[in-house]
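For reference, the chains in residue letters:
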Amino acid sequence: MAIQPLNSFAEEKTDSAAAPAESRMALNYLCSTDSVNLSATLTIKRGDMTLALENAVVEFTASNGTTTTILGTAKTNQEGSALLSFPSALLPTDKDGMVSYMAKFTGNDKYPAAEATSSAKPAKIRLFFSIEDSLRILKVTATQKNEKGEDVAIPKETVLIYIPRLFSLLKIGEISLDETGTGTLEFPKEIVGDTLGNLVVIAKIEEHDKFGFVQGKNVINWGVHKQYYKAEVPSRELWTPIAPLWMIITLLVMLAGVWAHYMYAVYELVMIKRLSKKDKPLF
Amino acid sequence: MELQQKNPLRDFAPQLERTSIQGYVWIVFLLAVIGLGFYAFLQQVFLGHEVTGMRDNVVWGVYIVNFIFFMGVSYAGALISGTLHLFKTAWRKPIIRMAEFITIIALLIGPCFILLCIGRLDKLHYLVLFGRIQSPITWDVIAITTDIFGCFIFLYLSLLRDLATLRDYELLQLPNWRKKLYKVLALGYTGTPEQQQRLNRATDIMAAMVISIAIIVYSVLAWIFSVTLQPGWHSTIFGPYFVIAAVYSGSAVLIVCMWVFRKVYHLEEYITKKHFVAVGLIMLVLAAFFGYFTFSDYLTKWYGSEKNDELLIQLLFKEFYWPFIISNYIGVLLPLLVVGIAKFRTISNITITSVVVIIALWLNRYIIVVPTLESPYLPIQDARPEWLNYSATWVEWSLTAAGVAIFCLLFTIASKFITIVPLSGSQGEEKKEDVLV
Amino acid sequence: MEEELNKDQKNSRRQFLKKGLIAGAGVAIGSGLLAAYVDTNAAETGEKVKVLTTDGEIMEVDRGLLKLPRVSREESHKGIPGRKFVMVIDLGKCKNARKCVEACQKGHHLPQSQEFMKVYLLQDSEKTAPYWFPKPCFHCDNPLCVSVCPVGATYKRSDGIVLIDNERCIGCKFCMTGCPYSTRVFAWKHYPEFDEDKEPYSPEASSPGKEGTVSKCDFCPDLIRVGKIPYCASACPMGVIYFGDVDEDTVTNGTETYQFSKLIHDRAGYRYLETLGTRPCVYYLPPVDRQFEVDRGFGDLEESVKDRYKDTPYSKKNKP
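Residue numbers (our numbering), protein chains in the order written: chain S, 6 to 288; chain R, 3 to 439; chain L, 332 to 651.
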């Protein structure tokens, strides 16, 4: 799909409109178990201002130097990020197993083209859970493909263990892999999971020269069951919309008492008025 | 049967029939003050509350002080007239109507001041539509509404006999519409035994109601402050303290009213030194109570010396030194000395004391409201002087003056409508011994 | 057209959420990203709103282009399901850079004279150490401000956030005296900054402000809804302010993420003026292992801000 004509405000209406627009692309790469996730972020720099560009089409390609595969296209979101996921089995690799990725924005009459590249070798991290001597053990293995396409260990790397949370990843430990690409961690207690105690656990190799970002993911019910905050439960507090019962009763009793007396006084006045009518014939 | 009471009416007729030039000047003056207040009000409406001295720390200022003050005065009227009625005190007759007028007029003015404090008057009806029972402001809205109705009924009951008298007094030179008005309002009351009986019964009940509601209203008002956690406000004693302070200020206002009407309408014959001394003695007792409550409130704060209470008391003795001395020392001791020592008890002495007491009690509310807001738990750190210390602006003072002017104006109008001294009393009371004097 | 726009909005929100998920899965999407963006499809309305980039710059963006979700007033009463928000402020790291204050003011379209976040210079007693004390709303679990409101204009939601609906607020200011932490601010007049925000009002955004009503720190539920931490937390260059879901036992300042219970336990976290019984949702870590001298806090302040602290015991002692 073609990019819509860019009728951006930045062109005509801001002070820095005079400055030429400069497109910038950043490409982030993440290899998860069976796929690679690419995220390209497109920003427009104009003078001192930086804006994310939304709805721009970014084309992703992968190459091994000889052949180039078009992985697909994606549109940037509100934050200027275009996301694409692609099965790692279909990637073209060179003799070292490396893949070169490229994200490309072809540009249009208002915004110049931009591209970014990144290269990495696909790898895999797997997570296994076991209970040994009543200890909860998380085991992690990291593998890569050799020339024959067999899985072989990634030795001596550091793997970080995270739990995804609402705003960010909570790091719960670090594992140093041994020669066989394996490492273990005693799983910490008192990590809050969902209401059933389920936890998503993520193991990551980060910013590796060769592998880039690699992550594996698994789910286990070792979490503490999440207790929802029960703000709905107190329904008759001072601060809730509905008042405590005693307060309503006290108020009603007092009001009823007072107004009943008022009514009585008014009734007496009415009676006084009536009496005068009755008396009238006498005068 | 009412014949013997036509004599006094002849004395009062001029008061109802015509207004002197001085009277007109007085009314024009009051209208001018009210006009200024109205201009100030418009300023506040169109320019925002920024024209007042209130800022984020001192969010309530002179308006709330006036609100408490007028409500207090009102309460005093209710309690004094109600009690005097219930105890059938003989000497009450010449002054009881003033007390009733004070009640109702102050009660109409007081709430207006809290309205001035409200940021969005256009949404005032939300108080009814979305009222939350937990909020002391809701209690206040309910209580004040109830109080206004009660006081009107009580006032009306006590006016009924006089309205009938005015209706029947044919020599009165009044326009026809006023005569008709008296006729309608008098409800055909002719003083038959059954009518009297019913009227007395209703009045007794309403007197009791007015007393108790006034206590509730004033306690609720105090609770607006004491339910908060603010140092100096968070006090259990505030309910009764406010009630006492209210009656105290009201008794002083009553004495001043007595003096003014005595002079203006030449009521020397009716309002005598006896009355001044009697109300003065009431004021003396209240002064003692007020002093006691004040002392006990500050003593506990000072003795326990919680950090923020201590800061508050420091503030009171530094920046609020004179208001504090006037309201809590002079305001207590002066009536004790002047009324307490027989030879000082002259009409003018008692009146002057009352004026001092009124000022002292106004200042008392000021040093309850403002210093607390100026010393919150977190110290005020601000470079803007008006955010550090409250000082009322001309807008607030103009509206305060307008409030007093409205009070005077309504009183003047009321005294033109009906005699300021009741013409008739309930049967049989005059025979009772005068206890106090 | 409008429908299309709405659809678009929904789409982009979905994308947002998706993005959040993927970010959760570990794509290191640059943290320096922007709250403002250019929508190449969006229709221009010609009206400008100032928005803030996370590196603290203001920019003017076409109104139709600014899309933080704004829920209706009714919706804003409910709270985000299954969440209970908490803030942790590390006093050891604060150097009064005031970025939190500025970001908050820009994000909520506040005038200079209104601060939802205030920074105090406190010293508990003469011989104890002075420290900088950033103070948002504590979103108390026993909120006196809510109790005293006569019209229900301020309310506590299921996610613990205390909000104000300025369409309902009558401006009686009772809540301001009810709050023992001087948290609430009043619009003493109509400030021009209120007009910058052309979006429909939502209590979750606390914007646009309204003359004669009360407002305060709102924990930025509009940002939370798109998976972001409040303006103050993300703007702080020192990472002083942590924010998160207490039921998830996690707080983050954008770069570091901690287990809430462990952080509070290890660093002896406390709540300010616990004795008042208001049960705040904001915790403080004591000012130990300072990264900065207190004096650094006076560094680049404007004179008017510096003057605020001239009467504090600390300043008086140091500048005789």
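Source of the hints: derived by calculation from the structure; they are not laboratory data. Possibly wrong hints are sitting among the right ones.
Straight-line distance between alpha carbons at most 27 Å, and here's what the computed DSS-like set of lysine-lysine pairs gives [claimed, not checked]:
#1 S:K50 with S:K144
#2 S:K50 with L:K647
#3 S:K144 with L:K593
#4 S:K126 with S:K222
Remember, it's a predicted structure, so these values are computed and weren't measured experimentally.
Taking the hints in turn, this is what the structure says about them:
1. S:K50 with S:K144: This hinted pair is violated, its Cα atoms lying about 45 Å apart.
2. S:K50 with L:K647: 47 Å, violated
3. S:K144 with L:K593: 24 Å, holds
4. S:K126 with S:K222: The given pair, whose Cα atoms are some 19 Å apart, holds under the 27 Å limit.
Violated hints, in rising order: 1 and 2; the structure is consistent with all others.
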